[in-house]
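Novice: For reference, the chains in residue letters:
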Amino acid sequence: MEDDSRFEEFVAERADALLRYGYLLSGNPHDAADLTQEALIRLHQAWPRVRRKQAPEPYVKMIMARLHVSIWRVRRREAPGWALPETARFDSPPSDSDEGLWQVLATLPRKQRAVLVLRYYEDLSDTEIADVLGVSRGTVRSHASLGLARLRSVLPSPSAINGSPA
Amino acid sequence: MTDRLEPRLRSALGTAATRAPQAPARFSAEVVLRSRRRRTRRHALVAGVCVVAVAVPVAVTVTRDTGGGGIAAVVTATPTAFEDPLRNPDPVGKRLTIDNPSEGRPLSLWYARARNGATVFCRKYTSRTGGGTEFCGEGPVIDGAEATDQGSTESFPPPVTGKVLHYGTAQAGIARVVAVREGGGRVTGTLRTPQGAPQAIWTVTVSADEPVTAFEFLDGLGRTVKRIERQPPVFPETGAKPVGSTVEMPGGLVVGLYETPDRSLIWKLEGRAVAMNTLSPGGPLTDMGGRPMKAELREHEDRWFGITGSGTARVALVLRDGTTVTADTRPEPWQAGDFRMFAGTQRRTDDIYAEGFELVGYDRDGAELWREDHGPTR
Chain A
1370 MEDDSRFEEF
1380 VAERADALLR
1390 YGYLLSGNPH
1400 DAADLTQEAL
1410 IRLHQAWPRV
1420 RRKQAPEPYV
1430 KMIMARLHVS
1440 IWRVRRREAP
1450 GWALPETARF
1460 DSPPSDSDEG
1470 LWQVLATLPR
1480 KQRAVLVLRY
1490 YEDLSDTEIA
1500 DVLGVSRGTV
1510 RSHASLGLAR
1520 LRSVLPSPSA
1530 INGSPA
Chain B
67 MTDRLEPRLR
77 SALGTAATRA
87 PQAPARFSAE
97 VVLRSRRRRT
107 RRHALVAGVC
117 VVAVAVPVAV
127 TVTRDTGGGG
137 IAAVVTATPT
147 AFEDPLRNPD
157 PVGKRLTIDN
167 PSEGRPLSLW
177 YARARNGATV
187 FCRKYTSRTG
197 GGTEFCGEGP
207 VIDGAEATDQ
217 GSTESFPPPV
227 TGKVLHYGTA
237 QAGIARVVAV
247 REGGGRVTGT
257 LRTPQGAPQA
267 IWTVTVSADE
277 PVTAFEFLDG
287 LGRTVKRIER
297 QPPVFPETGA
307 KPVGSTVEMP
317 GGLVVGLYET
327 PDRSLIWKLE
337 GRAVAMNTLS
347 PGGPLTDMGG
357 RPMKAELREH
367 EDRWFGITGS
377 GTARVALVLR
387 DGTTVTADTR
397 PEPWQAGDFR
407 MFAGTQRRTD
417 DIYAEGFELV
427 GYDRDGAELW
437 REDHGPTR
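Protein sequences, first through last, are from chains A and B. Add 1369 to a position in the first sequence, counting from 1, and you land on the number used in this note's numbering. Add 66 to a position in the second sequence, counting from 1, and you land on the number used in this note's numbering.
Same shape as in the complex, but just chain A (with noise of 0.2 Å):
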C-alpha cells in the first residue's frame, strides 16, 4: 500500500510531463494518452524494483519511446481510461515557422522522430538516446541526421517566411 502511495504521487506530479513528452513522441493526444496510460501500468507493476535499481521518470520514458518506436501501433492493447477534449488546448498561438515544422515531424519515421524528441525536446546526449531507444550511438547520429536532413529538404527558411532575404 505504501508503494502504491509513492506510485500515485510520481503519477500526480509527473502525468502530465509524461504527456507532453508522448504527445511530442506520437505527435496526436490520443496515441499520447494511450502511450503514457500502457507506460505507466508497466510502471506499476514493475514499481518496488524500479524504485529500488533506477529512477522511475527514466524507466517510464525508455518505456514508452521503445513502445512507440517498435510495437505500439499495431499492438494496441485497452483504450485510455478517460475521454480527451474534442479541441486541442493552446496556451500560446503556434506562429507559421512552429506549425510548419510540427507537419513536417508528423511525416518523420518513428525513430527519427523519437530520436528528435530526445535530442531538441528532453536535451539527452546521443548516448542517453541510445540507452533509452536500445540501440548504438551510431545509428542515434544517423537517425538524427536523416531526419535532420529531412526537415531542411522541405521547410523553409524562415527568412523565407518573414518575407525577407536570407
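Any given hint might turn out to be false.
[What the hints assert, rightly or not] To list a few chain A residues with every Cβ distance to chain B over 10 Å, as calculated:
#, residue
1, PRO1398
2, GLN1406
3, GLU1426
4, ARG1479
5, ASP1495
6, THR1496
7, GLU1497
8, SER1505
9, ARG1506
10, GLY1507
11, THR1508
12, LEU1515
[Claimed, not checked] Listed next, the stretches of chain A that the computed footprint assigns to chain B, with coverage defined by at least 3 CB atoms under 8 Å from CB atoms of chain B:
#, segment
13, 1381 to 1389
14, 1407 to 1418
15, 1482 to 1494
[Unchecked claim] Partial selection, computed: residues in chain A whose CB lies under 10 Å from chain B:
#, residue
16, GLU1377
17, LEU1393
18, ALA1402
19, ALA1434
20, ASP1467
21, GLY1469
22, LEU1470
23, ARG1521
Hints listed in this document are in silico derivations from the structure and should not be mistaken for laboratory results. Backbone N, C-alpha and C define an ideal beta-carbon position, used for all residues, glycine too.
Once you've looked at the hints, dock chain B against the given chain A.
Specialist: Just chain B now, with coordinates in the frame of chain A:
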C-alpha cells in the same frame, strides 16, 4: 543551416507540448486499478503479493444455471475487512465465490457501492502459487446497463489449465448468457444472484485457445436483449521473435529471450508459450516486492522449470510425499543476466502448489546452497 534549424525545432516542440492532453483527476488511481487487473490476468505468478484474508461461511445463492457453466457456487456471508476504504467501497450483497477454472483456486465476485453512489464490481483473485489480488471498480458502468463485461482470466501465457473464465453483470430480465467464439462456436454460461446483490453475476468458462469475440444476453423468451462485441486482448509477447538463438531444454521445452520491450524469457512447448520469466527492469530473480529470489519456478502439466542463480548447479523438487526429482542447470547463452536455467519432469501431480513442495539448490560439489519451502495453497 543546422544552427538555425535546431533552435526552431526546440521552439516547435516546446510550443506543440502545450497542446498535449492533461491528466484527469484520479488518473494515478485509474492506472493502479488497470495495472492490478492486468496483474490478475497474469495470474499473480510470483507468490508474495498480499492477499486479504477471506472468511468463507457457506450460504445458499439464488442460482439461475442456464446449463453450461457447471461451477459449484458458494457465497461468503461476512464482508472482508477491506485494506483501503478509498479503493474498496462497501459491499452490496454477499460475495459469489466460485472455483476459478484458470487456477483451480477460489475467485470471489461481488457488488459494492462507491462513494459517489455508483455501483461497482469487485473481484478477489487467488493464484495457484498462493499470490492474489483484490480490487473494485474500473469496468464498464453497471448502473442502467442491461449487462456488462467486467473481465476475464485471460493471460499471456495462457492459464496452465487451458481454461479461461469471463464474468460480468446482468439485470433481472436477462435469463441466459452466451459467449460467441472466434470460430463461431457458442458457449452458454451461468447466471447467479448472490443474496442482497442488486443484479446477477454471469460467468462463462471457455477453452483458452479460441478467444471470445462477443457476449449475447437473452431474455426468458430467447430474444437477444443485448450483445457486447469484444476485442480479445493482444499481448505483445504473442508474436514476438526471439533475440538470438533459442535453447532446447528437457521435457520438450524451448526457451528464448524476447524484448517486448521489457526483456523476458519465454518457455514454449510445441511452439506454444507456456511460461515466462521477466528479466527487466531490475534484472532476473527479484520478486514483485523487489526482494531477491533463489529461483523463479514455473510449471506446466508435469514439467517444472525456471531460472536460478549462477552458483546453483542442480535444483531438486521435493514433493510432499517425499518424491524427489532433480534437474541440472544450464548457462544462458544471451548474456542477459546472472542466472542459469533448469527444467525437469515429475509424474506425481499436475498441481504441485496444491499440496506444497520444497525446492533445493546445490552447488557443483553437491553441497546444499539454499532451500525454499512452498506451503500448500489449497
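Novice: Please go over all the hints and tell whether each is borne out by the structure.
Specialist: Now the hints, each set against the structure:
1. PRO1398: Non-interface label fails for PRO1398/A: nearest chain B Cβ at 4 Å, not farther than 10 Å.
2. GLN1406: Per Cβ check, GLN1406/A is inside 10 Å of chain B; nearest 6 Å; violated.
3. GLU1426: 13 Å, holds
4. ARG1479: It holds; ARG1479/A is separated from chain B by about 13 Å at its closest Cβ, greater than 10 Å.
5. ASP1495: Nearest chain B Cβ is 14 Å from ASP1495/A, so the label holds.
6. THR1496: 18 Å, holds
7. GLU1497: 17 Å, holds
8. SER1505: Nearest chain B Cβ is 15 Å from SER1505/A, so the label holds.
9. ARG1506: Given a closest Cβ separation of 19 Å, the condition holds.
10. GLY1507: At about 19 Å from chain B, GLY1507/A clears the 10 Å cut-off, so the statement holds.
11. THR1508: 15 Å, holds
12. LEU1515: For LEU1515/A, whose nearest Cβ neighbour in chain B is about 14 Å away, the distance exceeds 10 Å, so it holds.
13. 1381 to 1389: Check passed, 5 qualifying residues.
14. 1407 to 1418: The restraint on the segment 1407 to 1418 of chain A holds, since 8 of its residues have a Cβ under 8 Å from chain B and three suffice.
15. 1482 to 1494: Held - the segment 1482 to 1494 of chain A has 4 residues with a Cβ nearer than 8 Å to chain B, which meets the minimum of three.
16. GLU1377: 4 Å, holds
17. LEU1393: 6 Å, holds
18. ALA1402: Holds, because the Cβ-Cβ distance from ALA1402/A to chain B comes to roughly 6 Å (cut-off 10 Å).
19. ALA1434: 9 Å, holds
20. ASP1467: Since chain B brings a Cβ to about 4 Å from ASP1467/A, closer than 10 Å, the hint holds.
21. GLY1469: With Cβ-Cβ at 8 Å, under 10 Å, it holds.
22. LEU1470: Holds: closest Cβ of chain B sits about 4 Å from LEU1470/A, inside 10 Å.
23. ARG1521: 6 Å, holds
Violated hints for the displayed structure, listed by number in ascending order: 1 and 2.
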